[in-house]
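Asks: Let the hints inform the model, and build the full structure from the sequences given.
Spelled out, the chains give:
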Amino acid sequence: MPENRTPTSPASSRGLRYWWRLLLDRVVTVLTVLCAVLVLAPLVAIFAYLVYRGIGALNWAFLTQTPKPVGELGGGMANAMVGSAIILGIASVIGVPLGIGSGIFLAEHGNQRFAQLVRFTADVLNGVPSIVTGIAVYSLVVLQQKHFSGFAGGVALGIMMVPTITRTTEEMLLMVPNIVREASLGLGIPRWRTTLSVVLRTATSGVITGIMLAFARVAGETAPLLFTAFGNQFWSLKLNQPMAALPLQIYVYAISPFDDWHRQAWAGALMLIVLIVGAVAAVRVATSRGMVRGAA
Amino acid sequence: MGVGMEARNLNAWFGPAQVLHGISMDMAANQVTAIIGPSGCGKSTFIRCLNRLHETVPGARVEGKVQVGGNDIYGRSVPAVEVRRRVGMVFQKPNPFPTMSIYDNVAAGLKLNGFRNRRELDQIVEHSLCQAALWDEVKDQVKKKSGASLSGGQQQRLCIARALAVAPEVLLMDEPCSALDPISTSKIEELVFELKKDYTVVIVTHNMQQASRVADFTGFFLLGYLVEFDRTERVFTNPADKRTEDYVTGRFG
Numbered sequence: 005m006p007e008n009r010t011p012t013s014p015a016s017s018r019g020l021r022y023w024w025r026l027l028l029d030r031v032v033t034v035l036t037v038l039c040a041v042l043v044l045a046p047l048v049a050i051f052a053y054l055v056y057r058g059i060g061a062l063n064w065a066f067l068t069q070t071p072k073p074v075g076e077l078g079g080g081m082a083n084a085m086v087g088s089a090i091i092l093g094i095a096s097v098i099g100v101p102l103g104i105g106s107g108i109f110l111a112e113h114g115n116q117r118f119a120q121l122v123r124f125t126a127d128v129l130n131g132v133p134s135i136v137t138g139i140a141v142y143s144l145v146v147l148q149q150k151h152f153s154g155f156a157g158g159v160a161l162g163i164m165m166v167p168t169i170t171r172t173t174e175e176m177l178l179m180v181p182n183i184v185r186e187a188s189l190g191l192g193i194p195r196w197r198t199t200l201s202v203v204l205r206t207a208t209s210g211v212i213t214g215i216m217l218a219f220a221r222v223a224g225e226t227a228p229l230l231f232t233a234f235g236n237q238f239w240s241l242k243l244n245q246p247m248a249a250l251p252l253q254i255y256v257y258a259i260s261p262f263d264d265w266h267r268q269a270w271a272g273a274l275m276l277i278v279l280i281v282g283a284v285a286a287v288r289v290a291t292s293r294g295m296v297r298g299a300a
Numbered sequence: 654m655g656v657g658m659e660a661r662n663l664n665a666w667f668g669p670a671q672v673l674h675g676i677s678m679d680m681a682a683n684q685v686t687a688i689i690g691p692s693g694c695g696k697s698t699f700i701r702c703l704n705r706l707h708e709t710v711p712g713a714r715v716e717g718k719v720q721v722g723g724n725d726i727y728g729r730s731v732p733a734v735e736v737r738r739r740v741g742m743v744f745q746k747p748n749p750f751p752t753m754s755i756y757d758n759v760a761a762g763l764k765l766n767g768f769r770n771r772r773e774l775d776q777i778v779e780h781s782l783c784q785a786a787l788w789d790e791v792k793d794q795v796k797k798k799s800g801a802s803l804s805g806g807q808q809q810r811l812c813i814a815r816a817l818a819v820a821p822e823v824l825l826m827d828e829p830c831s832a833l834d835p836i837s838t839s840k841i842e843e844l845v846f847e848l849k850k851d852y853t854v855v856i857v858t859h860n861m862q863q864a865s866r867v868a869d870f871t872g873f874f875l876l877g878y879l880v881e882f883d884r885t886e887r888v889f890t891n892p893a894d895k896r897t898e899d900y901v902t903g904r905f906g
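The listed protein sequences derive, respectively, from chains X and A.
Straight run, no breaks: the first sequence in the numbering used here ends on number 300.
Straight run, no breaks: the second sequence in the numbering used here ends on number 906.
Covered by chain A, according to a simulated footprint, are these stretches of chain X (three or more residues, beta-carbon under 8 Å):
#, segment
1, 174 to 184
2, 189 to 195
3, 204 to 212
Pairwise CB distance ranges (calculated):
#, chain 1, residue 1, chain 2, residue 2, range
4, X, Asn182, A, Glu779, 28 to 38 Å
5, X, Asn182, A, Ala670, 16 to 26 Å
6, X, Pro194, A, Gln794, 24 to 34 Å
7, A, Asn770, X, Ala290, 22 to 32 Å
It should be emphasised that the hints constitute simulated quantities derived from the structure, not laboratory data.
Treat the numbers as computed from the prediction; the structure is a model and nothing was measured.
For glycine and all other residues, C-beta sits at the position ideal for the given N, C-alpha and C.
Replies: Have a look at this one:
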């Protein structure tokens, strides 16, 4: 019992200070719980409202069909969901290796002047508005190809993923204690092997968190896709053609004057959230397998 | 079998600060050599020069000669990774690879250097864990349990097994017991006694009783100089240098 730790103040003679400390303890506890609730509230509210507005338009047709022409009821966003998956796949193929690679560079060779430059650039890139990235990719990729494309959308989102992944990878690798590196080097394992198979492996779960943060952030981006993937009302899996994406479809439907499209926009928003959460959860489950018991 | 090791006029620096001054010392094959001395006297730096780990610290530098079984490990064409496979190391703080199982920890040195024969690997892992007196305690869960989930003393024996798995000729131990309780410490000391049949052991210790218990030879370091080096009983009972006598009798340090 914690009260017994101070034998000089028995229970009967607890002074004012004791009650004051007790009160303070309770007040601060309540305040922190309140903060936690306040953080959770918007998330719950957004999700609940999405379900409320979106669940009505969510049906099999919505999940399997392409949009119907203006005036016809029904149709769905299947092409947009697949398009989003493809664009995010391209973005990840570009962003993840680049981000991890530069993160490794910063963590393991971070004292050079060039590393300072890379770190600064990553931070600036992180602050660039997404629409600016979209315009840049528009002039660098779309204008060269002479048409909008899913590939250009993937490039835009991939560029946006890089700085987040870079900096989280760096932070996670720096958290690996130096004695782990020395243990590996001391076994005669070469430096590059040590970095990849020991240091990176030790930091895996943190690095994956960074990747998932970056992924979830760009998955909902609309602005950089406006001038790149452009959107598409039909099935198109060609990477060099305009491609549909969920955020774009939601945007187009939400600003339309038709009630049916509004309902579909809500359903699309709900699906976007569900798919992002699903993807993040799936990666978490997949990567937590194969971990040994009791690992840090 | 262990091989002898000789340091000749070894100097080491961290940046501009010289921390070792002309150390010359022989470490006899299949014997335990202890290195004692107050904190900051260069003990750890010295043994980190013996497997070329010192040079991995940014700004650190070494000059001089270290021979392992007659080969100069600082020779121009000798790769550092080759040296570290021949000269294993156990660190002050137990440092198992945290996300690896017990098995993977022990197998790491071989696996990550491209060793692929699984059956032979199984044997080596079991043999190394037996040598480190850990096998009986962990044999049921070597592949399931993480190295980091073991107790401190077990982790240190795991690190010893990991070092032995790559079949070194010399084993360097940098205060291997300083983070352990007395029971784990005596286990490691018994182990050191066993290990010298097969390996040459160099052990850094803060604990003079430990040095007198396990070591055949003892070197006393002070401020980066080797003050005295002799058979252990001589260093502790009849030292030649006044400073050694003061240190081992507890008058300073």
